Amino acid sequence: MASEDVSRIMQIADYLRPSHFGYLPLDAWIESAVKGWLVPLFRPFFRTLQWPIEQVLSGLQALFLSVPFIVVLVLAGLGAWRAAGRGVALFTIVSLFLLDWIGVWNETMVTLAMIVTSVVFCIVLGIPLGIAAARSERTAAVLRPVLDIMQTIPSFVYLVPIVMLFGVGMVPAVIATIIFALPPLIRLTNLGIRQVQGDLVEAGRAFGSTPRQILWEIQLPLAMRTIMAGVNQTLMLALSMAVIGALIGAGGLGLTVYTGLGRLNVGYAAVGGLGIVLMAIILDRVTQALGEKGFVSSRRRKPAAAAEKRKSGAADAGKAETTLKSV
Amino acid sequence: MLVEDAGATANKAGVGDDVHSVLLYQLVPATEGGSVPGRKGGGAIGMTQLSVPAAGPAKGSPKRIEVRGLTKIFGSGAEEALALASQGASRAEILDKANVVVAVHDVSFSVEQGEIFVVVGLSGSGKSTLVRCLNRLHEPSAGSIEIDGEDIVGADEESLRALRLNKVAMVFQHFALLPHRTVAENVEYGLKMRGLDKTERRRKALDVLKSVGLAAWADQLPSALSGGMQQRVGLARALALDPEILLMDEPFSALDPLIRRDMQQELLELQRRYRTTIIFITHDLNEALTLGDRVAVMKDGRFVQVGRPAQIVSAPADDYVANFIRDIDRGRVLPVSSASVTAAATAKAGTSVAFAHQTLKATEGQAIVVVDADGRPLGLATRGDIQDSPGDMPVENHMRRDFVAVEAASSLFSLCQRMKEPLPAVVLDKSGRAIGLIDALSVMSAIGGSSASEGRA
Numbered sequence: 001m002a003s004e005d006v007s008r009i010m011q012i013a014d015y016l017r018p019s020h021f022g023y024l025p026l027d028a029w030i031e032s033a034v035k036g037w038l039v040p041l042f043r044p045f046f047r048t049l050q051w052p053i054e055q056v057l058s059g060l061q062a063l064f065l066s067v068p069f070i071v072v073l074v075l076a077g078l079g080a081w082r083a084a085g086r087g088v089a090l091f092t093i094v095s096l097f098l099l100d101w102i103g104v105w106n107e108t109m110v111t112l113a114m115i116v117t118s119v120v121f122c123i124v125l126g127i128p129l130g131i132a133a134a135r136s137e138r139t140a141a142v143l144r145p146v147l148d149i150m151q152t153i154p155s156f157v158y159l160v161p162i163v164m165l166f167g168v169g170m171v172p173a174v175i176a177t178i179i180f181a182l183p184p185l186i187r188l189t190n191l192g193i194r195q196v197q198g199d200l201v202e203a204g205r206a207f208g209s210t211p212r213q214i215l216w217e218i219q220l221p222l223a224m225r226t227i228m229a230g231v232n233q234t235l236m237l238a239l240s241m242a243v244i245g246a247l248i249g250a251g252g253l254g255l256t257v258y259t260g261l262g263r264l265n266v267g268y269a270a271v272g273g274l275g276i277v278l279m280a281i282i283l284d285r286v287t288q289a290l291g292e293k294g295f296v297s298s299r300r301r302k303p304a305a306a307a308e309k310r311k312s313g314a315a316d317a318g319k320a321e322t323t324l325k326s327v
Numbered sequence: 001m002l003v004e005d006a007g008a009t010a011n012k013a014g015v016g017d018d019v020h021s022v023l024l025y026q027l028v029p030a031t032e033g034g035s036v037p038g039r040k041g042g043g044a045i046g047m048t049q050l051s052v053p054a055a056g057p058a059k060g061s062p063k064r065i066e067v068r069g070l071t072k073i074f075g076s077g078a079e080e081a082l083a084l085a086s087q088g089a090s091r092a093e094i095l096d097k098a099n100v101v102v103a104v105h106d107v108s109f110s111v112e113q114g115e116i117f118v119v120v121g122l123s124g125s126g127k128s129t130l131v132r133c134l135n136r137l138h139e140p141s142a143g144s145i146e147i148d149g150e151d152i153v154g155a156d157e158e159s160l161r162a163l164r165l166n167k168v169a170m171v172f173q174h175f176a177l178l179p180h181r182t183v184a185e186n187v188e189y190g191l192k193m194r195g196l197d198k199t200e201r202r203r204k205a206l207d208v209l210k211s212v213g214l215a216a217w218a219d220q221l222p223s224a225l226s227g228g229m230q231q232r233v234g235l236a237r238a239l240a241l242d243p244e245i246l247l248m249d250e251p252f253s254a255l256d257p258l259i260r261r262d263m264q265q266e267l268l269e270l271q272r273r274y275r276t277t278i279i280f281i282t283h284d285l286n287e288a289l290t291l292g293d294r295v296a297v298m299k300d301g302r303f304v305q306v307g308r309p310a311q312i313v314s315a316p317a318d319d320y321v322a323n324f325i326r327d328i329d330r331g332r333v334l335p336v337s338s339a340s341v342t343a344a345a346t347a348k349a350g351t352s353v354a355f356a357h358q359t360l361k362a363t364e365g366q367a368i369v370v371v372d373a374d375g376r377p378l379g380l381a382t383r384g385d386i387q388d389s390p391g392d393m394p395v396e397n398h399m400r401r402d403f404v405a406v407e408a409a410s411s412l413f414s415l416c417q418r419m420k421e422p423l424p425a426v427v428l429d430k431s432g433r434a435i436g437l438i439d440a441l442s443v444m445s446a447i448g449g450s451s452a453s454e455g456r457a
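Chains as they are written, first to last, in the numbering used here: chain E, 1 to 327; chain R, 1 to 457.
No lab work stands behind these hints: they were computed from the structure.
Some clues are possibly wrong.
Here are a few chain R residues that sit away from chain E, every Cβ distance over 12 Å (derived from the structure) [claimed, not checked]:
(1) Glu66
(2) Val100
(3) His138
(4) Glu150
(5) Glu158
(6) Ala176
(7) Glu185
(8) Asp207
(9) Gln265
(10) Ala349
(11) Phe355
(12) Gln387
(13) Val406
Straight line, CA to CA, 20 Å or less: simulated SDA-like cross-link-like pairs of lysine to any residue [as the list claims (entries may be wrong)]:
(14) R:Lys192 x E:Trp216
(15) E:Lys293 x R:Ser223
(16) R:Lys420 x R:Phe403
(17) R:Lys167 x R:Arg194
(18) R:Lys192 x E:Pro221
(19) R:Lys210 x R:Arg272
(20) R:Lys192 x E:Arg212
(21) R:Lys97 x R:Leu84
(22) R:Lys192 x R:Asp207
(23) R:Lys192 x R:Glu244
(24) R:Lys167 x E:Thr210
(25) R:Lys420 x R:Ala440
(26) R:Lys198 x E:Trp216
(27) R:Lys192 x E:Gln213
(28) E:Lys293 x R:Ala224
Keep in mind that this is a model prediction, so the values were computed, not measured.
In this text, a Cβ means the ideal position worked out from N, Cα and C, and glycines have one as well.
Full structure from sequences and hints, please.
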């Protein structure tokens with residue numbers, strides 16, 4: 001085949017491209033839809049949405065920053081010890097000590113307030129949505145593509161409209177974090193409830209339970225481990241948004257990293273990054289441990305349990321966990 | 001003569017002959033002396049003629065559950081399938097044409113107060129679906145269900161809940177205990193749904209747990225218990241509601257054979273005590289025949305045969321049932337009355353040997369039963385025992401006292417263990433009166449199933 005034949009074929013093939021005939025101005029449409037319609041019309045609405053987040057966030061931030069370092073250290077250590085044992089407690093204390101030592105204590109507390117706020121709102125939104133998805137195929141079918149989009153769309157893409165609608169600052173950053181971190185909690189809540197054995201739900205119905213009673217007595221307790229895994233995932237995702245949030249005005253460790261990046265100051269960025277990593281490890285271990293224990297631990301505490309009985313009780317709890325795992 | 005329930009006799013047999021014999025029986029105490037058997041020639045009496053009140057509900061017990069034309073179809077497009085089903089299409093045809101599964105296909109039955117009604121069938125025969133329709137865990141596609149005259153199919157959510165809380169409790173195959181609740185809390189579950197306060201339901205739960213022997217385990221989690229114990233908890237959870245009707249979906253299938261047998265005995269014990277009406281689902285025919293007052297054999301969503309265990313075993317409705325019961329332990333299922341019992345010549349104590357001998361010869365029987373004034377057997381005299389004895393002696397001087405007596409309703413197996421050759425055993429009715437004789441050969445042929453195979457041929 002001659003070379004001019006090839007170039008001719010290529011030319012013809014090029015004619016078949018839609019861009020040869022014209023240009024679909026999708027970007028302009030979205031631009032005008034958001035700027036000309038969404039923002040002016042709904043900005044007040046979105047602004048009011050901010051209010052509860054603002055309250056929780058500023059409350060938590062003020063709280064975390066006002067509590068003395070040593071109190072936070074002791075409380076966090078005790079909490080980690082109760083939830084996850086001695087090792088995690090030790091790690092927590094050493095980490096917090098280090099974070100203050102390297103001079104990012106206040107930033108850590110700001111980021112913590114942001115993360116906790118995001119997770120609280122994720123729980124408030126995500127668990128009911130997950131329950132709704134578990135109870136109705138239609139809801140699940142509607143939610144699934146929405147969650148897919150939320151999880152796949154790069155967070156940089158929705159930062160722009162968020163800034164337009166909410167402005168810049170901590171609260172818009174929290175909102176971006178919620179959008180990013182919410183999907184796994186909904187998915188895992190849905191999954192956890194659907195995984196509850198059919199015959200248990202059937203038994204609930206056979207003994208005269210209403211759907212609401214079945215939810216509270218049977219489904220939620222048994223789905224708790226999966227839901228806690230969802231909370232854990234949400235927490236980790238929220239932490240990973242700390243730096244991106246700094247792009248639209250969030251403070252804390254994210255801002256430290258972002259500033260370090262802007263100034264090409266490796267040490268500054270590394271300090272912020274270390275803070276995020278240490279926080280992530282602590283929060284992950286503690287929430288995972290809480291999820292592992294789930295409902296069983298609280299059930300085992302029976303009054304007047306002799307030492308021996310407690311021992312056998314622990315063995316039972318262990319067994320219960322293994323059966324649950326096999327479930 | 002035939003010593004039977006007067007009413008039952010009149011019901012079951014030709015009137016003239018038997019009324020005569022009943023009258024004769026009534027005359028016996030006054031006239032003193034032997035009597036000829038009611039049936040001339042003393043022929044074999046089949047099970048159907050010999051009306052022995054079987055264990056179970058008395059006649060005329062009120063119907064608790066009445067099911068008519070119940071059909072359950074899974075999948076969408078139920079209307080088409082229903083239409084096909086009413087045209088008599090088979091399950092496979094409907095699956096082929098409408099792409100839906102007919103789980104239960106036009107099933108009708110009724111269950112009486114205090115009865116254990118067992119539905120037996122292979123897996124996939126629709127038996128579990130059937131029992132779930134009764135308390136509407138599954139919505140029936142067609143047909144009617146009435147419990148104590150109350151329509152279940154049309155019941156609204158509220159009355160359905162009341163039914164499940166107060167009348168119909170259920171026991172599940174895989175126990176379905178809540179793993180996050182203690183044994184006592186599991187037992188309390190239904191009571192909690194009823195709205196009982198904590199102390200009240202705890203007290204009740206401990207009571208019930210005591211009755212199933214698990215009071216010591218009240219505060220353990222179910223996972224600490226063995227399978228048999230877990231199912232006891234499942235049973236206790238149901239019994240805590242004092243249900244009038246108990247639905248049991250293969251409750252013992254997940255248990256090992258020894259535990260299963262114990263549980264079966266315990267269930268019978270409980271049922272005797274509380275007279276609960278029980279619908280029992282199983283795939284184990286031996287279990288069905290052991291427990292059931294009546295047994296329904298289910299295949300492809302339909303009832304193939306419904307009847308008392310002995311009826312199913314001795315007269316299977318078709319080849320499927322015949323095949324199903326082939327490996328059954330017939331000796332344990334069939335009552336003595338299902339074997340050929342010879343009507344016995346009887347002689348009252350004090351009758352002369354000569355009169356007894358004459359009676360025996362007239363009936364061509366091999367032995368005569370010597371009875372007291374109430375018709376209870378005192379001894380047995382064979383021809384050899386009396387034919388050479390002085391005729392004026394009272395017959396009891398020449399009878400054997402070491403004879404075997406067996407109630408007509410007890411199992412052939414229990415007779416096998418005690419039978420003494422060559423003497424026949426005396427068959428008694430419920431009140432202990434002699435009604436006939438049975439020899440080893442008839443016992444063996446009944447267990448061997450010769451009568452059943454003849455019936456099929």
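Here's how the hints hold up against the structure:
no. : hint                : result
1   : Glu66               : holds, 21 Å
2   : Val100              : holds, 19 Å
3   : His138              : violated, 10 Å
4   : Glu150              : holds, 16 Å
5   : Glu158              : violated, 10 Å
6   : Ala176              : violated, 4 Å
7   : Glu185              : violated, 9 Å
8   : Asp207              : holds, 18 Å
9   : Gln265              : holds, 25 Å
10  : Ala349              : holds, 59 Å
11  : Phe355              : holds, 66 Å
12  : Gln387              : holds, 69 Å
13  : Val406              : holds, 43 Å
14  : R:Lys192 x E:Trp216 : holds, 13 Å
15  : E:Lys293 x R:Ser223 : holds, 16 Å
16  : R:Lys420 x R:Phe403 : holds, 8 Å
17  : R:Lys167 x R:Arg194 : holds, 12 Å
18  : R:Lys192 x E:Pro221 : holds, 16 Å
19  : R:Lys210 x R:Arg272 : holds, 18 Å
20  : R:Lys192 x E:Arg212 : holds, 14 Å
21  : R:Lys97 x R:Leu84   : holds, 9 Å
22  : R:Lys192 x R:Asp207 : holds, 16 Å
23  : R:Lys192 x R:Glu244 : holds, 19 Å
24  : R:Lys167 x E:Thr210 : holds, 17 Å
25  : R:Lys420 x R:Ala440 : holds, 8 Å
26  : R:Lys198 x E:Trp216 : holds, 17 Å
27  : R:Lys192 x E:Gln213 : holds, 10 Å
28  : E:Lys293 x R:Ala224 : holds, 17 Å
The structure fails hints 3, 5, 6, 7 (numbered hints given earlier, in ascending order).
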